[in-house]
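Novice: All chains should be modelled from the sequences, with the hints used to inform the complete structure.
First to last, the protein sequences are chains A and B.
Going by my numbering, the letters in the first sequence line up with residues 13 to 121, in that order.
Going by my numbering, the letters in the second sequence line up with residues 629 to 906, in that order.
Hints were generated in silico from the structure; no laboratory data involved.
Bear in mind that the values here come from a model prediction, so they are computed numbers and not experimental data.
Cβ coordinates follow ideal geometry from the N, Cα and C atoms, glycine included.
A couple of the hints might just be wrong.
Restricting the straight-line Cα-Cα distance to at most 30 Å, the calculated cross-link-like pairs of lysine-lysine (DSS-like) are [unchecked claim]:
hint : chain 1 : residue 1 : chain 2 : residue 2
1    : B       : K840      : A       : K34
2    : A       : K34       : A       : K119
3    : A       : K119      : B       : K840
4    : B       : K840      : B       : K699
Now the in silico label distances, taken between C-beta atoms and shown as ranges [stated by the list, open to error]:
hint : chain 1 : residue 1 : chain 2 : residue 2 : range
5    : A       : G31       : B       : V813      : 30 to 36 Å
6    : B       : V813      : A       : D112      : 44 to 50 Å
7    : A       : E62       : B       : E690      : 24 to 30 Å
8    : A       : V107      : B       : T889      : 37 to 43 Å
9    : A       : D58       : B       : G770      : 34 to 40 Å
10   : B       : D865      : A       : A84       : 25 to 31 Å
11   : B       : L882      : A       : E72       : 26 to 32 Å
12   : B       : A906      : A       : T74       : 40 to 46 Å
13   : B       : T888      : A       : P99       : 41 to 47 Å
A few chain B positions that, by computed beta-carbon distances, are all more than 10 Å from chain A [what the hints assert, rightly or not]:
hint : residue
14   : K699
15   : C814
16   : H843
17   : L859
18   : R903
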Amino acid sequence: MHELAIIEGVLDTVTARLGDAKITCVRLEIGALSGVVADALRFSFDLATEGTTLQGASLEITQVPGRCRCRACGTEFSPDGMIMLCPCGSADAEVLAGQDLMIASVKVA
Amino acid sequence: MCATCGCSGKARLRLVTAADTAASLARDEHGRDHDHDHGHEHDHGHEHEYGHEHDHGHLPGEDRTVVLQRKVLARNDDLAAENRSWLADRGVLAVNLMSSPGAGKTTLLERTARDLAGDLAVAVIEGDQETMLDAERISEAGCKVVQVNTGVGCHLDASMVDQALRALDPPRGSVVVIENVGNLVCPALFDLGEAARVVLASVPEGADKPVKYPHMFSRADLVVVTKTDLLPHVEFDVARHAADVHRLTPNADLLYLSATTGDGLPAWYAWLHRRLPA
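Specialist: Have a look at this one:
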């Protein structure tokens, strides 16, 4: 249940950047390989933002699919869950996308 | 600050040295609110610049969109990078040691401190939600140790490690083992500035931990199977475990040891020596 910590990270970043401005919408990009569950984030959001400039803001989450490149054969592929198994059989893959947790943008009233 | 699981309290930090006696530690246990202020000056800044937003003539009543494109854990990651650079400047190897509770992190460190005394300087940052118990064990093994109590938080973060490192003041060429809070979930996400991530998996836990907790194992540089003296007594499919570890992290080293019998320990010590900064 580190999703609450993630939302507090969002709060820190947004308030450090925008101070007291009232935020009406937060847009996050959650990588499929980031280890964070979108539903758990939604659950934590209202709880963690109560009494802050983000209270009542809507939360829009875009899921970014995982993308890997096989170090053995160079093929790009979408991993199945956390197992980065290339169709060629090698599990040695570089992650190209899907690991990040990004605050894409916010709407300010 | 550790906010995992809703923690909003500050982590407590205490330095325990080998000179502290068990008696003084016992007395201290009653004064846990008396946090010691080590007051070390930080020689690198923690201020991060954030750009100021300007209004660009949006219409009254219309919400404006501010593009941030910033990683959620950016502040932790920035501080971890500063820790990493501070450690590199000092030629100190920092290892983030993670496992479920009871996998044998502290036992391995006690044994390591005793066996390597006079050979390799080892200091420990102990992360636990509560108590000084592990710090006392490590201290009795002759190691300099800082205990960080995270309260309800269930992982260490880069800020806690930053403070602990300054309190420890590790000498050049030494090893700092950061014993994370026993937990196979949350610590995986938080970079502390370590040079290597070591995940312990004990034999009695069963061989299925890598597939159950893939985020933790997929970021490991070394996986250590502990309590191998129990292999004859409990079911643990060594081959399956190794195959699962290597599917998740193909380049990780895999070691097997028992801190009780000493089997496999030389390979662990050799691994530490190999990872020391040149």
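Novice: Now, for every hint given, state plainly whether the structure supports it.
Specialist: Against the structure, the hints:
| no. | hint | result |
| --- | --- | --- |
| 1 | B/K840 to A/K34 | violated, 41 Å |
| 2 | A/K34 to A/K119 | holds, 9 Å |
| 3 | A/K119 to B/K840 | violated, 38 Å |
| 4 | B/K840 to B/K699 | holds, 26 Å |
| 5 | A/G31 to B/V813: 30 to 36 Å | holds, 33 Å |
| 6 | B/V813 to A/D112: 44 to 50 Å | violated, 19 Å |
| 7 | A/E62 to B/E690: 24 to 30 Å | holds, 26 Å |
| 8 | A/V107 to B/T889: 37 to 43 Å | holds, 39 Å |
| 9 | A/D58 to B/G770: 34 to 40 Å | violated, 50 Å |
| 10 | B/D865 to A/A84: 25 to 31 Å | holds, 26 Å |
| 11 | B/L882 to A/E72: 26 to 32 Å | violated, 42 Å |
| 12 | B/A906 to A/T74: 40 to 46 Å | holds, 43 Å |
| 13 | B/T888 to A/P99: 41 to 47 Å | holds, 44 Å |
| 14 | K699 | violated, 6 Å |
| 15 | C814 | violated, 4 Å |
| 16 | H843 | violated, 4 Å |
| 17 | L859 | holds, 26 Å |
| 18 | R903 | holds, 21 Å |
Hints 1, 3, 6, 9, 11, 14, 15 and 16 from the list above are not met by this structure, while the remaining hints are.
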